[in-house]
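A.B. asks: Residues per chain are reported as follows:
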Amino acid sequence: MVTRASIGPLLNVLASGLLLISFAMLSRRRTQRLIILFAWQGAILFLSTCLVAYSSGLTELYYSAALTLILKVILLPWILHRLISKLGAQWDSETLVNIPTTMLVGLVLVIFAFGLTQPISTLATTITRHTLGMALAVILLAFLMMITRRKALTQVIGFLAMENGLFFAATSATYGMPMVIELGIALDLLVGVFILGIFFFQIREQFDSLDLHHLEALKED
Amino acid sequence: MRGITFVRQFGEVVLAIAIAPLFAGWIAQCRAWMQNRSAPSLVQPYRMLRKLFQKDAALAKNASPLFRTTPYVLFGTMVLAAAIIPSLATDLPFARAADAIALIGLFATARVFVSLAAMDIGTAFGTLGARREMMIGFLAEPALLMVLFNAFLLSGSTALPSLVEFYNAHRFLIDPSLAFAAIAFVMVLLAENARIPIDNPTTHLELTMIHEAMLLEYSARHLALVEWASSLKLFNYACIGFALFIPWGIAAGGRNGSAATLLAIAALMGKLAVAGAALALIESLSAKLRIFRAPEYLATAFLLAVLGLLVHLQIGAR
Amino acid sequence: MNVHFLISGWPGHALPSLLLIIAAWVVIGLAGLLRPHSLRFVAHLLFPLGALGCLCVALLAGTFLVSGHEPEVLVLPLGLPDLPFHTRLDALSGFFLLLLGLAGAGISTFAAGYFRSGEGTAPALLGLQYHVFLASMAVVILADDAYLFMVAWETMALSSYFLVTSQHRIPDIRRAGFLYLIMAHVGAICILLSFGVMQGGSWQFTFDAMRGASLAPVWATTAIVLALLGFGAKAGLVPMHVWLPEAHPAAPSPVSAMMSGLMLKTAIYGMLRISFDLLHVRYWQWGVLMLALGLFSALFGAIFAAVQTDMKRLLAYSSIENVGLIFTGIGLAALFEASNMRLFAALALTAALVHALNHALFKSLLFLATGSVLHATKQRSLGKLGGLIRRMPWVATLALIGTLSIAGLPPLNGFVSEWLLLQSFLFTPQLPHAFINMLVPLGAAALALTAALAAYVMVKFYGVIFLGQPREASLVEAHDANWLERLGLGWLALGCVLIGILPQLALKAAGAVTGKLLSETISPGFSIWLIAPVTPEHASYSALIFLAGITAVIGIAFVLVRILAHGRIRRTAAWDCGYPWQTSRMQDTAEGFGQPIRHIFGTFFRMERHLPSPSDKSPHYRIHIEDKLWRAIYLPIGRGVQRLADVVSVLQGGRLSIYLLYSFLTLLGLLVFVL
Amino acid sequence: MEILLVLGLPLLGAVTLALFGARRFAPELNVGFSLATLAAAALLVLRVIHYGPMLIGREQFFVDSFNVFLVALTAFVGFTTAIFSRPYMRIEELHGSLNSLRLRLYHSMYQLFMAAMFLALLTNNMGLLWVAMEAATLSTVLLVSLYRTKASLEAAWKYFILCGVGIAQALFGTILLYFAAEQTLGREGMTALLWTHLNAVKGHLEPRVLGLAFVFFLVGYGTKVGLAPLHNWLPDAHAEGPTPVSAVLSGLLLNVALYAVIRCKVLVEGSIGVLLPSRMLMTFGLLSAILGAFFLWRQRDIKRLFGYSSIEHMGIITFAFGLGGPVANFAALLHMTVHSLTKSSIFFTAGHASQAAGTQNMDGIRGLVGVSPTIGWGLMLGSLAILGMPPFGVFSSEFLILITAMRGHPWATPFLLIALGVAFAGIFGKVQPMVFGESDAQPLPHSPALVPVFVHLAMVLVLGLYMPPALAEWYRAAARLIG
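Chains as they are written, first to last, in my numbering: chain V, 1 to 221; chain U, 1001 to 1318; chain F, 2001 to 2675; chain H, 3001 to 3483.
You may find that some hints are simply not true.
Result set (PhoX-like, lysine-lysine): computed pairs, CA atoms no more than 20 Å apart in a straight line [as the list claims (entries may be wrong)]:
# : chain 1 : residue 1 : chain 2 : residue 2
1 : V       : 86        : V       : 151
2 : H       : 3150      : V       : 151
3 : H       : 3150      : V       : 219
What follows is a list of derived Cβ distance ranges for each label pair [claimed, not checked]:
#  : chain 1 : residue 1 : chain 2 : residue 2 : range
4  : H       : 3200      : V       : 57        : 27 to 33 Å
5  : F       : 2027      : H       : 3095      : 50 to 56 Å
6  : H       : 3414      : F       : 2283      : 20 to 26 Å
7  : H       : 3093      : V       : 81        : 35 to 41 Å
8  : F       : 2052      : H       : 3039      : 47 to 53 Å
9  : H       : 3363      : V       : 114       : 52 to 58 Å
10 : V       : 57        : H       : 3196      : 25 to 31 Å
11 : H       : 3473      : F       : 2038      : 45 to 51 Å
12 : V       : 123       : F       : 2283      : 56 to 62 Å
13 : V       : 107       : H       : 3483      : 41 to 47 Å
Calculated Cβ distances over 10 Å to all of chain V for the following chain H residues [to be verified]:
#  : residue
14 : 3022
15 : 3056
16 : 3090
17 : 3138
18 : 3199
19 : 3229
20 : 3282
21 : 3283
22 : 3370
23 : 3449
24 : 3470
Hint data in this document are derived by calculation from the structure and do not stem from the laboratory.
The model shown is predicted, which means the values in this text are computed figures rather than measured ones.
Ideal placement from N, C-alpha and C gives every residue a C-beta, glycine not left out.
Let the hints inform the model, and build the full structure from the sequences given.
C.D. replies: Dropping the structure here:
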């Protein structure tokens, strides 16, 4: 039975977990692993949202927590998993930048994010104020991942991880956005993933591979 | 009173027409002497004109009206020029009609017409002559204008009579700029009148000739007019020179009695005689230049004129 | 209507009637679309109507000028919400409208007889573009706010572009049009920016506001420089001239006439409007700048015209020369004005204005003449013409008048303006600036050289086209112009002669302008015979006496010759120093005539010469002359842009990761920026 | 009420066309719905003119002079594009590049896209604005990839990823905004994201937060505006999608995205002052204008060419908004209008031109006036209009922008001069040979619908010479609103 007092530190722990997972995503090569990590991220997000909801006593946050559970822990990983097994794209080829460098850059990004959010996070009234920087860090790391990866699928995972970061930011900074917006975001996310699914198949039947270097024909030459 | 001036004007023109060939003849005579040849008589040009006037005009088949009118236009312009230039007196009713710049324009008109006429028949030499004539023209005009500029700056007027009046006012004015200008003017005069070193009035060696090349197709009375016009041109240039640089003797400053006129005529004759001799001397001493040395020659003239101008501006800043 | 009514010139009502005429032009243009392909309807009905409009414009503007009314202002309920169209008729615009009307009447009349069906664009479209062109030029002159001015200005460029490319199937013509429109557009932007400098504040874009605005010296100079760039690009000042020798020849001849004769003048108008009216000349350096550009353009144009082998290109370059002369006059005027020598400023400005008027007349005349020659012979190259004076006496005679006037020979109109210009040069030694008062007088020499070169060019032009023997067998069935064309040519020639022998008319018109701009006019004291700009003692010129004198002498000489001698004539073959078998090929070609120029001014050109070797079976001589500035300025610009474009296109490398990186870096950059 | 119509009709259309989109009469249906939407929009406009700004739906929707004119514009261009797309898509079908199923997708997505844009324009809720923008992206992604060719797939993919990521940044911006607003407005009543409320209290919002938020907004929505260097998706999407889609993308979507940016700018300026945002906008604007112009220089694909020209013009508009002040804002709004009218009409003609020539490669398109004078002159006049040739309206806005810039920020004018000059040479040098000269193309199988083209151009022409007082008043009000 957690007391409200101990929630703050607990949340910080979870946030650090998110950050850790983002780094792990940067380093992983196997797509399967990435998906699992993504699911984990979702799970942590779910937990933290529940905690925030519990601490702030806002019922609507429970809804969004549930939404997270369904969408990000179960549905999306499952869809991605199916996709992979259908397309047989378990392995991600070499990243564009080698992983240690990526890590270093990621570290710099984290520092940057923290430095950036320090002044404003003090304004926050929420118990989770210090996690805003973490959220931003997660977003930037996901961005970095999208830049460094070659496969369409990993890019998508990066994209979803970014959404996670945003969601986390929303909950931690402001106890979540109004419900309408939450729903809208969730809906967009879902549609987006479905469209991506369609895309993958089209891309595959056109290029019989999901490697992005096939998608570099349109350029100024 | 006005009547008198008109009479004087008329007289001056007639005199000019009359003695222009004489001047040409005189120069030819001096040249002959200097090159110790037996000289033709002074009136040789008149005989020439008479002969030409009596002959039938042989006209090329495809000659256009332009070709036939040109000699008259040429003659007309030169006579008009003679009427404008104060060779004897300054109070000429005609002189107001055109100042020195208009005079240059007048000469240009003559040049353009003769060149066009030369191109009219469409023979090789005609067009060649026309081209060269126009070339000399555009090379000479800037120099001439600069020369005139000198004089204008002195007197503050482009009207030749006022110039002469001005000189009469300050009789013994010595302006170094004029010296430069005078030399430049002589060079231009030689070039413009198809004399050595630019052209040779007596040659008929096709490849070297300029002025003569344009007249090849003319004969009889047309030729006579053209020749007369060119001797008039030489005369006019001489008179311009006198008016600009040695205007002594010209009836000016309201002295327009018959005595003054007679004096003026005498002075003019004297100047012509000297000038003719000088010209002949120059021509005998110098050799004809290649056609493409002409630019350098006239550039020198231009340079001298500009030097004169600058000198004047330096001193004239008094 | 009674005569008095005419002369009094509807005090306060000239402007509305002018605007009505302008509207009428547009309507005339549109009317052509009713019967798009009927040449007779468009050419023989609409164009004469347009010419009538031109006459009315000339009449209105002339009466306005002589009656010396106060400026008329009219605001139309069009344009931008807070910036309706302002129009204004004052002396300056009146003068240029007079010019437009006089020359335009001749050109339109000629055009009525000129346009043939099946030549490029459909007649109706041509008619529309033509009349819109005409109207837009008039509006440019009448505009009194930056917006209307720019709209009319660009409309003018656009309509003329379409006219130029009316035979768009020929690649060269397309290229010419392209170059023209680009230069026009960039120039227009410069003008716009110049207005931007002069504006009175937000929404204060009327000329009145600009007159009132106070500018720091640096900004005023910026405005002048920008204006000089813009208007210079339109007027063909070197080095913004490159489009002109391409575009003017490409157009149908009446359009070439319009562009050379009228459109260039709108640029002159704009320059005058800005430098003398909007920001009253402040610093003598402006004058020196314009003077230098003008003189150089004049010389440059004359030299290049002398070596051309295409008759319309030759005329185009001569336009550059004349514009140069006009700018010389403007520069002198500015120089004097800034040094408080009002009278001399007025003299120089008068010279410039009169020369603008003259150029409008004789350049249109010559371009139209080339049009007739073109239709009669289908030849543009001087190398294939000759002897047309016998086939087309009318055109030849009228063209001779144009030739003599443009060569600046008394007693025709070209001489008047050059005379005035030289006169104003005579006072430059009195300028109160060291060096300037020594250097500028030398400009007079350059001017003289230019004038003489112009004579050279025109002898070449006329001699090679109309004189000599036909260089092509086909020339023998060349036909003379039809009556409408003759009428148009005759009108313009008449103008040249009239202004030549009665310069007082032009001087009075110009005097009205200088009176308003410089509050000083050159001495009104000249009688009907005599013009004496400053004082009769100083200098005087009387074309009338001049002409009378020459004609009298010629007549007397003729009569005397006939009385004392005889009039017998024997027609024979040409003598030519007794050389037999001369063919038409032995005459000087256009190239040959250009040879001395190439020799003397070689540094100006970039020449590629192909000379035959003595052993050639079929020797032929080819020379290609190029403008050095093209390679010196324009090609580098083009290459630079190309290179930049190549560099830029690296941004679009096709790699998604890189694209993402861009937005990532942008994000980080901006975040750092706000920190 | 009208607002609901404006929002609902396209939605209804989307559903209906999703059902009947494959039928023969689907294009007519599409036109019909667009027409109905236009009518509704017209009603809305009338209402706003009479009763002024209004808020409805528990303040979730609102109309003021700024967005109502964009609504009208969007509805109008949407309608004309529907008219154009009727014969165009038929010809595509004849050419066999599409089947009826794809057409169904096309039609319903088209309506959905319209609905999304109307939502983005009309909502008062910054969160909903974000949702709508995302929805607009998703609906157009499928349109861009309609042909299912490699190129179109690649274009759509890039479009999706880049805009998705961008939009994600915008979401973070929204969160920050909410975070800041919550301090002053509190969570109750969900007013913390309502623009009107935010606008009311913008003075009290925490500057540091809003500064950050603006950066995220700018990068996020700026990506959709196509500001360089975030523009990379734009030319691909424009070139590879069906022409009607290119037309609405260029003509409408970019405007809507810019609208979003400006809404944020208004809020942010209230808090952190004018300097920073206007600097950013001006910089982005100039950069986009210049880069766009230089990109034009070496294009081969006609639609790509005009895609880049859109980047250039969006740059100019952004720059104008950055300048600020009554004149510049007025000019920017005017430029938005004339640009979308002109650009869409250009895309219409370009589409038919490439259909006639059988290729989008400009070297293959020659002498259009010979083939079909209407297409040829349409393209020529349209290009001249977009290049800022008077008497077309684009000139009047560029006139105002340049002349104002010369007064306020002279340093910028050389760049603008370069951009305009280079763009002129780039576009005109390619359009002229396409329009003029000899040609060997065949006339189209289906008579093209060029009425929209000339209607658009006529409107642009009128705007250049005369602006109805009502419209002017409208622009002024909007300009005041933007400040």
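A.B. asks: Hint by hint, note whether the structure agrees.
C.D. replies: Going through the hints against the structure:
Note on residue 86 of chain V and residue 151 of chain V: the hinted pairing holds, with a Cα-Cα distance of about 15 Å set against a maximum of 20 Å. At roughly 17 Å between alpha-carbon atoms, residue 3150 of chain H and residue 151 of chain V fall within 20 Å of each other, so this suggested pair holds. A threshold of 20 Å between alpha carbons decides the hint, and for residue 3150 of chain H with residue 219 of chain V the separation of about 14 Å falls inside it, so the pair holds. The hinted window of 27 to 33 Å between residue 3200 of chain H and residue 57 of chain V holds, with their beta carbons roughly 29 Å apart.
At roughly 44 Å, the beta carbons of residue 2027 of chain F and residue 3095 of chain H sit outside the given window of 50 to 56 Å. A beta carbon spacing of about 23 Å between residue 3414 of chain H and residue 2283 of chain F agrees with the range 20 to 26 Å that was offered as a hint. Checked against the hint of 35 to 41 Å, the pair residue 3093 of chain H and residue 81 of chain V passes, with Cβ atoms roughly 39 Å apart. Roughly 49 Å separates the CB atoms of residue 2052 of chain F and residue 3039 of chain H, a value that falls within the hinted 47 to 53 Å.
At about 54 Å, the beta-carbon gap between residue 3363 of chain H and residue 114 of chain V stays in the expected band of 52 to 58 Å. Taking the beta carbon of each, residue 57 of chain V and residue 3196 of chain H are about 29 Å apart, inside 25 to 31 Å as hinted. The hinted window of 45 to 51 Å between residue 3473 of chain H and residue 2038 of chain F holds, with their beta carbons roughly 46 Å apart. For the pair residue 123 of chain V and residue 2283 of chain F, the beta carbons lie near 59 Å from each other, so the given range of 56 to 62 Å is met.
Taking 41 to 47 Å as the suggested C-beta distance range, the pair residue 107 of chain V and residue 3483 of chain H conforms, at roughly 42 Å. With a closest Cβ-Cβ approach of about 18 Å to chain V, residue 3022 of chain H is found to remain outside the 10 Å limit, as its non-interface label requires. Listed as outside the interface, residue 3056 of chain H is consistent with that label: its C-beta sits roughly 16 Å from the nearest C-beta of chain V, beyond the 10 Å cut-off. For residue 3090 of chain H, the non-interface assignment is confirmed: its Cβ lies about 25 Å from the closest Cβ of chain V, beyond the 10 Å cut-off.
Non-interface call for residue 3138 of chain H relative to chain V: violated, since the shortest CB-CB distance, roughly 5 Å, does not exceed 10 Å. With 10 Å as the threshold on Cβ separation, the claim that residue 3199 of chain H sits away from chain V holds: the shortest Cβ distance comes to roughly 18 Å. Once the 10 Å rule is applied to beta carbons, residue 3229 of chain H is consistent with being away from chain V; the minimum gap is 14 Å. Its beta-carbon lying about 24 Å from the closest one in chain V, residue 3282 of chain H satisfies the requirement of being farther than 10 Å from that chain.
At roughly 21 Å from the closest C-beta of chain V, the C-beta of residue 3283 of chain H stays outside 10 Å, upholding its exclusion from the interface. With a least CB separation of 31 Å from chain V, residue 3370 of chain H remains clear of the 10 Å interface cut-off, as annotated. With a least beta-carbon separation of about 29 Å from chain V, residue 3449 of chain H lies farther than 10 Å from that chain, consistent with its non-interface assignment. At roughly 35 Å, the least C-beta separation between residue 3470 of chain H and chain V is larger than 10 Å, which holds for a residue marked as non-interface.
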